[in-house]
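As a plain string of letters, each chain reads:
Protein chains: 2
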Amino acid sequence: MAPQYKLTYFDFPGIAETCRYLFSYGGIEFEDVRIKRENWAQLKDKTPFGVLPTLEHNGKVVGQSLAINRYLAKKVKLAGDNEWENLEVDATADTLNDIRLKIIPVFMEQDDAKKKALLETVKKDTFGYYLPRLEAQVQKNKGHLALGRLTWADFYFATLSPVFDLLTGEDVLASYPNLKGVREKVNALPAIKKWLESRPKSGH
Amino acid sequence: MAPQYKLTYFDFPGIAETCRYLFSYGGIEFEDVRIKRENWAQLKDKTPFGVLPTLEHNGKVVGQSLAINRYLAKKVKLAGDNEWENLEVDATADTLNDIRLKIIPVFMEQDDAKKKALLETVKKDTFGYYLPRLEAQVQKNKGHLALGRLTWADFYFATLSPVFDLLTGEDVLASYPNLKGVREKVNALPAIKKWLESRPKSGH
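Chains as they are written, first to last, in UniProt numbering: chain A, 1 to 204; chain B, 1 to 204.
These are calculated hints, taken from the structure and not from any lab test. Do not take every clue at face value.
In this list, chains with the same sequence are indistinguishable; a pair is considered to hold if it fits within one copy or across any two.
[Stated by the list, open to error] The calculated lysine to any residue pairs, modelled on SDA-like cross-linking and capped at a C-alpha distance of 25 angstroms, are: (1) Lys102 - Thr121; (2) Lys123 - Phe49; (3) Lys116 - Gly14; (4) Lys140 - Gly59; (5) Lys185 - Arg100; (6) Lys44 - Asp125; (7) Lys123 - Ile104; (8) Lys46 - Lys140.
In isolation and in its complexed conformation, chain A is listed as follows (with noise of 0.2 angstroms):
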């Protein structure tokens, strides 16, 4: 049988890589599908508001990849048991998510002086900002970001974080081991292990 969701993103990780590592951990058949480059201009006014990822499923389309991780997640039980714990997985992620905004500007900018200029200022602005707090809210959580166990909110971490290293070409969470943690805890789970294993070899 036809796998039946459609996850249509770039030939890389990105914020389509939640959605992947919540596919798998599940035991979820999905068309992993990753267009060019190239051909994205003619696919772009196909998707919902001309943003990817797209999950397609019963004939239907969305877009917007932290709807579709809380979807899947509830799916493969890494979602809160109530509304309320929903909501601090959900708030732990729309930070994250936040961070993630902060970082873009420093990937679009093409100046090499600018761009290193706003490199420093999310080293000591943003990472400086939020890693210290995140720490210790994995420090209160025995070893996880919400809940106190695993949820979507670490996997969402698993796969931005690395964005961190790419970006800075450094280790950025050396000096948070609580964070670093979160990472390889996820990793290490024997389905993202083999997911690890097996997806295409991609920059991000």
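Position chain B against the provided structure of chain A, taking the given hints into account.
Structure of chain B alone, referenced to chain A:
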């Protein structure tokens, strides 16, 4: 009995207004704490990640307006009836939030000439891109943004879209009767009408 929920934000509608609408719609009492700009610096460090609004309930405090909206929407039955429906509503809310993120730089820009140029880009590339697509979505959804019925995505649109007019000095929805209808329908709900009449007078 004191209200069980405390919502803290600045003294204007902003991204807390959807929360306030949801409380009002559901007849849920809440403490509507509005802090002054000049007191923000000293409060900032006491919030989870330096941003407002925050929601306090049973001694716990969380941030992130979209996460809070979703939580409240479930309480007042303005979310989906199943997880796919929630995904559709969430994706729509995230799309509205994408619009919001794209217009923030116009508010932030201090230089008049640059502000004017940014505003023209927003009118053309943001409003010009999203609004026709959202208009079509409302046409397909019986006068609503999602699920063919009232959801918290409609509430978010009703509180976000006045900012479009504020930004441009124009009636931005004039050529989008269906979208305008969404806002009007929400604001005509008896509980919302009452809230709009009784809420503190303040700018955006």
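Do the hints match the structure? See the list:
Taking identical chains as interchangeable, the C-alpha atoms of Lys102 and Thr121 lie at most 25 angstroms apart whether they share a chain (10 angstroms) or sit on different chains (21 angstroms). Taking identical chains as interchangeable, the C-alpha atoms of Lys123 and Phe49 lie at most 25 angstroms apart only when they sit on different chains, with a minimum of 16 angstroms there against 32 angstroms within one chain. For the homomeric pair Lys116 and Gly14, the shortest alpha-carbon distance inside one copy (22 angstroms) is at most 25 angstroms, but the shortest distance between copies (33 angstroms) is not. Taking the closest pair of Cα atoms, Lys140 and Gly59 come within 25 angstroms of each other only across two copies (16 angstroms); inside a single copy the shortest separation is 42 angstroms, beyond that limit.
For the homomeric pair Lys185 and Arg100, the shortest alpha-carbon distance inside one copy (21 angstroms) is at most 25 angstroms, but the shortest distance between copies (35 angstroms) is not. Proximity of Lys44 and Asp125 under a CA criterion of 25 angstroms is satisfied inter-copy only: 15 angstroms between copies versus 34 angstroms inside one chain copy. Taking the shortest alpha-carbon separations for Lys123 and Ile104, both the intra-copy value of 13 angstroms and the inter-copy value of 23 angstroms come in at or below 25 angstroms. Proximity of Lys46 and Lys140 under a CA criterion of 25 angstroms is satisfied inter-copy only: 17 angstroms between copies versus 44 angstroms inside one chain copy.
In summary, this structure violates none of the numbered hints.
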